[in-house]
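Engineer: Could you put the whole structure together from the sequences, leaning on the hints where they help?
So the sequences go chain by chain: A and B. Counted from 1, the first sequence has number 222 at position 222 by our numbering; the numbering is strictly sequential. Counted from 1, the second sequence has number 53 at position 53 by our numbering; the numbering is strictly sequential.
No false leads were mixed into what you were given.
Dumping the calculated SDA-like pairs for lysine to any residue here, alpha-carbon to alpha-carbon at most 25 Å:
no., chain 1, residue 1, chain 2, residue 2
1, B, K36, B, L47
2, B, K36, A, L245
3, B, K36, A, L249
4, A, K56, A, N75
5, B, K11, A, L210
6, B, K36, A, I264
7, B, K11, A, G220
8, B, K36, A, V248
9, B, K11, A, V214
10, B, K36, A, I250
11, B, K11, A, A217
12, A, K164, A, L146
13, B, K11, A, V211
14, B, K11, A, T14
15, B, K36, A, V72
16, A, K176, A, I163
17, A, K164, A, Q84
18, A, K23, A, L39
19, B, K36, A, N81
20, A, K167, A, A192
Only some residues are given here: those of chain B computed to face chain A with a beta carbon under 8 Å:
no., residue
21, G53
22, W56
23, L57
24, A60
25, A64
26, F67
27, Y68
28, L70
29, V71
Keep in mind that the hints were calculated from the coordinates and are not lab data. As the structure is a computational prediction, the values presented were derived from the model and not from experiment. For every residue, glycine included, the Cβ atom is placed at its ideal position computed from N, Cα and C.
One letter stands for each residue in the lines below.
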Amino acid sequence: MLLTSDFNPVSEFTNFLSNPYVKLPLGLDINKGVVYIWLTGLVTIVGALLVTRGLKLRPARPQATAEILYDVAQNTIARANLPQEGMRIWFPYVATLFVFIGVMNLIGFIPLPFSDDHVHIGGVAVPQLQIYAASASLSVSLALTLVTFFASHIEGIRYNGVIKYFKSWVPSGSPKPLLVLLIPVEVISQLARLISLSVRLFANMLAGHLVIAVFLALAGLLTTGIGYWFIQPFGLAMGVAIYTLEVVLIAGLQAFIFAILSAIYIGGAIHPDH
Amino acid sequence: MAAAPSVQAAKAIELGLATAIGAIGPGVGVGFIFGKTIESVGRQPELRGQLQGMMWLGFALTEAIVFYALVMGFVAYILI
Numbered sequence: 001m002l003l004t005s006d007f008n009p010v011s012e013f014t015n016f017l018s019n020p021y022v023k024l025p026l027g028l029d030i031n032k033g034v035v036y037i038w039l040t041g042l043v044t045i046v047g048a049l050l051v052t053r054g055l056k057l058r059p060a061r062p063q064a065t066a067e068i069l070y071d072v073a074q075n076t077i078a079r080a081n082l083p084q085e086g087m088r089i090w091f092p093y094v095a096t097l098f099v100f101i102g103v104m105n106l107i108g109f110i111p112l113p114f115s116d117d118h119v120h121i122g123g124v125a126v127p128q129l130q131i132y133a134a135s136a137s138l139s140v141s142l143a144l145t146l147v148t149f150f151a152s153h154i155e156g157i158r159y160n161g162v163i164k165y166f167k168s169w170v171p172s173g174s175p176k177p178l179l180v181l182l183i184p185v186e187v188i189s190q191l192a193r194l195i196s197l198s199v200r201l202f203a204n205m206l207a208g209h210l211v212i213a214v215f216l217a218l219a220g221l222l223t224t225g226i227g228y229w230f231i232q233p234f235g236l237a238m239g240v241a242i243y244t245l246e247v248v249l250i251a252g253l254q255a256f257i258f259a260i261l262s263a264i265y266i267g268g269a270i271h272p273d274h
Numbered sequence: 001m002a003a004a005p006s007v008q009a010a011k012a013i014e015l016g017l018a019t020a021i022g023a024i025g026p027g028v029g030v031g032f033i034f035g036k037t038i039e040s041v042g043r044q045p046e047l048r049g050q051l052q053g054m055m056w057l058g059f060a061l062t063e064a065i066v067f068y069a070l071v072m073g074f075v076a077y078i079l080i
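Structural biologist: This is how it looks when you write it as structure tokens:
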């Protein structure tokens, strides 16, 4: 990846769509993104089973970490935003979102050999180690967003009834002529949630990976030619710095934001008055 | 598919400008959020935990606006 002159950082995130591992009808191909999602599910399930197998009153480090995550999911994300009657159904959902997206983002920063680009070692084509996150694909984040979107509207209708729910979109007692203005604005803002929620996750992960790729490519690309001696260490340092920032802060924060906004949307639909 | 150099230059400038102009507002916003949180913690240190939770929420919501600009820049970069 680093030493070719026609380096294109975007191709890493688009090429895998055209050559999947297994070709299936209806676009249900098994490609790199699907493998990453399977891997996320596997890591999440196995990790949860391992942590909960021997629960102790005085927890060791894995159990203590899991308890902190559970506490964040239960108190900060769910209980602060969901009404009491919605907790039983939707606390597991938002907690699952939190853990699943967090693990998906973090797996994306481990170099894994699922790449389309190969490097030849002794005549054998070995896949290059590359970083790729399933959440850096709009399909994945949009699918998760659609679940939240439909869940919030269905729950709003189930708890309030159709008429009362749609009436709650506009402030009660607003004058009739103003409704012509208010209703389109509210409908657009509801639809804009689809875009903002999905693009936030997707663009954060995609941009993070692209910036790392570009800086590390700088470390490898522009080494020839006098006067460029400072580019290589600069690119390497910036790449490592951005990588650390993404792993420590952004990966977990995006999972937290996605889960808490899902909880806010669903809770707001169940109890529309606040 | 090599485009004319002037087109390539225009695309590169477009992507840079889209990200740069899109980063101005969120930059101000993120600074404002952190500054106000520091101010509030200085005034009421016992609310630190709650304030920090809201701070991260506001930070992520604001920071995402850069990426809307970046994605739109990429859309224009790839499509044109």
